[in-house]
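Asks: These protein sequence lines map, in sequence, to chains F and P.
Going by my numbering, the first residue of the first sequence is number 35, and it counts up by one from there.
Going by my numbering, the first residue of the second sequence is number 73, and it counts up by one from there.
Because the hints were derived from the structure by calculation, they are not lab data.
All residues carry an ideal CB built from backbone N, CA and C; glycine is no exception.
Heads up, some of the hints might be wrong.
Unchecked claim - Some, not all, of what chain P presents toward chain F, calculated at C-beta under 7 Å:
1. 89
2. 112
3. 123
4. 133
5. 137
6. 139
7. 210
8. 211
9. 213
10. 221
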Amino acid sequence: MKYQSQKVALAYFLVAMGLFGIQVLGGLLAGWIYVSPNTLSTVLPFNIIRMIHTNALIVWLLLGFFGAAYYLVPEESEREIWSVKLAYLQLAILVIGTLGAVGSYLVGIHGGREFLEQPLWVKFGILVAAVIFLVNISLTVLAGRKTAITNVLLTGLWLLALLWIFSFINPDNLSLDKMYWWFIVHLWVEGTWELVMAAILAFLMLKLTGVDREVIEKWLYVIVATALFSGILGTGHHFYWIGLPSYWQWTGSIFSAFEVVPFFGMMSFAFIMVWKGRRNHPNKAALLWALGSATVAFFGAGVWGFLHTFHGVNFYTHGTQITAAHGHLSFYGAYVAMNLAIITYAMPQLRQRAPYNQVMNMISFWLMTGGMAFMTFVLTFAGTIQTHMQRVVGQNYMDVQDQLVLFYLMRFGAGIAVVLGALLFIYSQLVVRRELIAPASSGPVAEDAA
Amino acid sequence: MAEILTKSRARNIFYGGSLFFVVVFIGLTINSHRYVVNVSTAGMPLTPAVALGKHVWERHSCINCHTLHGEGAYFAPELGNVMTRWGVLDDPQTAYEVLDGWMAAQPSGIEGRRQMPHFTITDEEMRGLAEFLRWADQTDTQGWPPTDAG
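Pulled out of the complex, with its shape left as it was, chain F reads as follows (with noise of 0.2 Å):
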């Protein structure tokens, strides 16, 4: 840790790998759910156990970020952070604002738009939250070295605040209102998010490898023109089927294609940098997390979003457990792992130790994602099933549902390795006790590169 101010990621990350485990644990119950229907049904309802899945994901991966930002900000701009009180603030108004929604959820007070449930007064320190971070975070680029991964990293995120505009417009009409709805989720997802991901691998890549920052930087910029000029008008891929123009179809259909090329264009990026790199940093895990995590997102959101992408495809696929495979995969890959992989960088330099724990880190991840492959083969499986019997013969939902328990009940197994996996990672990162395994030699090097 070069800068002093860095140490405000640690409370982001803390705060966000509290969630995490929020998370899993309430997609591991709603699991069960769908495996045994009867648990909790009159006092902790499906839809709210699933609100505060989705919910929970959403703001712990938010919170990575800004975290991930106040860490990697100061080491490109090369000074302190603008102001490390109103970093606190930010973080206290996310927390009181992330309880309050949970607490309003499980007393039945949400709003009900998908993802967009919190109250009112939520959304708005959600708004004044992210003003505060992009005031503080520009005015610190700002006044510093101005470098290719600020640059877009900021883009990103500016953008990212600026569509949460959106959360506040609910249009009576229906099919306005899903129309608007998907300028944030996703304009988020497959958009503006893949800025920030990127950025953050670009900085893993730069200490992790020692390639040089000419190489990486342009990279990255071919990379965020690939995800925006795909993804932009990509979105069309969710507007065949509520109600908006018919040329949404071809038009989503075609650039919605390309959205595979930033994930493909990602994961070689990566595997070059470390392939070229000399530098043997001793953080094996962060290396892991960061290879791991372009590679499942080439699968996850590239591979398995273009399965159902095209409109004569989706016509089919569309709302089915194919969606749920390919949700579950893509945010994994794409941002749980991006968040963990930077997350498993920077706490050891934010409390400054060496890489203790690396073992158990990397067990983690290889349950997590073990886990999580599993659990999108046998969503994806159930999805082709219900996709025939639903969407082709014609059979009642609930009748195709009740073939699906089997898969229901291999999900819930996945679930299982991923809740360890989420928990093994939480214990690795804030429980240091000593090293399981004597490192090898790291030498000068890695001092060099810490």
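With chain F's structure known, arrange chain P on it following the hints.
Replies: Leaving out everything else, chain P in the frame of chain F:
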């Protein structure tokens, strides 16, 4: 390649290209907004009852179990065409009665069956909800869903 695609060129392509796509996207959005209002949802007026129904739908977070036009959670049946499935799309009174009867019977309590919670909804709100679901059902969704099963 290194000479042709320099970092500053890559940066300019990124900013310039993105701006271009944003402008195209905004244009198509304006066109789509008009299309929704004037064409695809014009089959039935958006009455205060429909708007009320949408608020009822949102207050109870139906979307976190059901899908509507294929979007939402995948735990419970599609409702964008539920009025067609029930055969009451053109009959507001029966639509209300069937919906009211269905909601009153929840939760079923049947062991091993997914449970829909009980919702306390006034008569006026229930009529609104039925109107909202009828309104959604008449939206031109380009022929989706492929079968009445939703």
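Asks: Going by Cβ atoms only, is residue 211 (chain P) closer than 7 Å to chain F?
Replies: Hint on residue 211 (chain P): holds, closest Cβ of chain F at ~4 Å, below 7 Å.
Asks: Could you check if residue 221 (chain P) really has its C-beta closer than 7 Å to a C-beta on chain F?
Replies: Where the cut-off is 7 Å and the nearest Cβ of chain F is about 5 Å from residue 221 (chain P), the hint holds.
Asks: So, as I understand it, the hint says residue 89 (chain P) touches chain F; can you test that by seeing if any CB pair is closer than 7 Å?
Replies: holds, 5 Å
Asks: Classify the hint on residue 210 (chain P) as holds or violated, based on whether any CB of chain F lies nearer than 7 Å to its CB.
Replies: violated, 10 Å
Asks: Answer holds if the nearest beta-carbon of chain F is closer than 7 Å to that of residue 123 (chain P); otherwise answer violated.
Replies: holds, 4 Å
Asks: Have a go at the residue 213 (chain P) hint: is there a Cβ in chain F nearer than 7 Å to its own Cβ?
Replies: Holds - the Cβ of residue 213 (chain P) comes within 7 Å of chain F, reaching about 5 Å at its closest.
Asks: A closest beta-carbon separation below 7 Å is what the hint needs, so does residue 112 (chain P) meet it against chain F?
Replies: Since the shortest Cβ distance to chain F is 4 Å, the answer is holds.
Asks: For the restraint on residue 139 (chain P), tell me whether the closest CB of chain F is nearer than 7 Å.
Replies: Residue 139 (chain P) check passes; min Cβ-Cβ to chain F is 4 Å, inside 7 Å.
Asks: For the hint on residue 133 (chain P), does the least C-beta distance to chain F fall short of 7 Å?
Replies: At about 5 Å, which falls below the 7 Å cut-off, the nearest Cβ of chain F leaves the hint on residue 133 (chain P) intact, so it holds.
Asks: How about residue 137 (chain P): closest beta carbon in chain F under 7 Å, or not?
Replies: holds, 5 Å
In terms of the numbered hints stated before, the structure departs from hint 7 and from no other.
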